[in-house]
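One-letter residues, chain by chain:
Number of protein chains: 2
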Amino acid sequence: MPVIVVEVMPKAELLDPQGKAVAGALGRLGKDRFSAVRVGKRFELTVDGPVDEAALADAREVAEALLANGVIEDVVRVSEEVA
Amino acid sequence: MPVIVVEVMPKAELLDPQGKAVAGALGRLGKDRFSAVRVGKRFELTVDGPVDEAALADAREVAEALLANGVIEDVVRVSEEVA
Chain A
0 MPVIVVEVMP KAELLDPQGK AVAGALGRLG KDRFSAVRVG KRFELTVDGP VDEAALADAR
60 EVAEALLANG VIEDVVRVSE EVA
Chain B
0 MPVIVVEVMP KAELLDPQGK AVAGALGRLG KDRFSAVRVG KRFELTVDGP VDEAALADAR
60 EVAEALLANG VIEDVVRVSE EVA
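Chain order of the listed sequences is A and B. Residue 73 in numbering that gives the first Met the number 0 sits at position 74 of the first sequence; the count goes up by one each step and never skips. Residue 54 in numbering that gives the first Met the number 0 sits at position 55 of the second sequence; the count goes up by one each step and never skips.
In isolation and in its complexed conformation, chain A is listed as follows:
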């Protein structure tokens, strides 16, 4: 069945302690090419039916209302998964 992917990231202006911790670990391991890391979420919504405009609108609504916490997170992508 088709899948809609929703991606959520912490807002750019907020600290991301989890990302900071990962960035620190990478630095200690010698991967100093990566100067910053941010950690967000990726949701896969399996759609019962076709991925039409209505399904994407539903997914956008669900993403903003439920999957992301609008105070601290932004929805960065809502799109059909490309195989």
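Incorrect hints may have been included.
Just so you know, same-sequence chains aren't split out, so a pair can sit in one copy or run between any two.
To be verified - In silico DSSO-like cross-links for lysine-lysine, where the CA-CA straight-line distance does not exceed 27 Å:
1. 40 x 30
2. 19 x 30
3. 40 x 19
4. 10 x 40
Bear in mind the hints are in silico, worked out from the structure with no lab data behind them.
Given the structure of chain A, go ahead and fit chain B onto it with the hints provided.
Chain B in isolation, oriented as in the chain A frame:
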């Protein structure tokens, strides 16, 4: 600075209790178009320098070794962020 995105999802054969909980909540809210949900992670690695083959190889190595737990998770994407 350019960003490499790494996406990690729980392995398909494993239960994902967090995804199950979200799917249940969606059903109760009348969004029964979505029959299943899985929840994974999305990492944004800021690259100090160009995103060349070496940077992507480093990101893939880091993704498999550190960002994903290979026992329960799969790396599903490592690619440069498209703006």
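Against the structure, the hints:
no.	hint	in the structure
1	40 x 30	both (23 Å within a copy, 20 Å between copies)
2	19 x 30	within (14 Å within a copy, 36 Å between copies)
3	40 x 19	both (16 Å within a copy, 15 Å between copies)
4	10 x 40	both (12 Å within a copy, 15 Å between copies)
Checked against the numbered hints listed earlier, the structure breaks none of them; every hint is satisfied.
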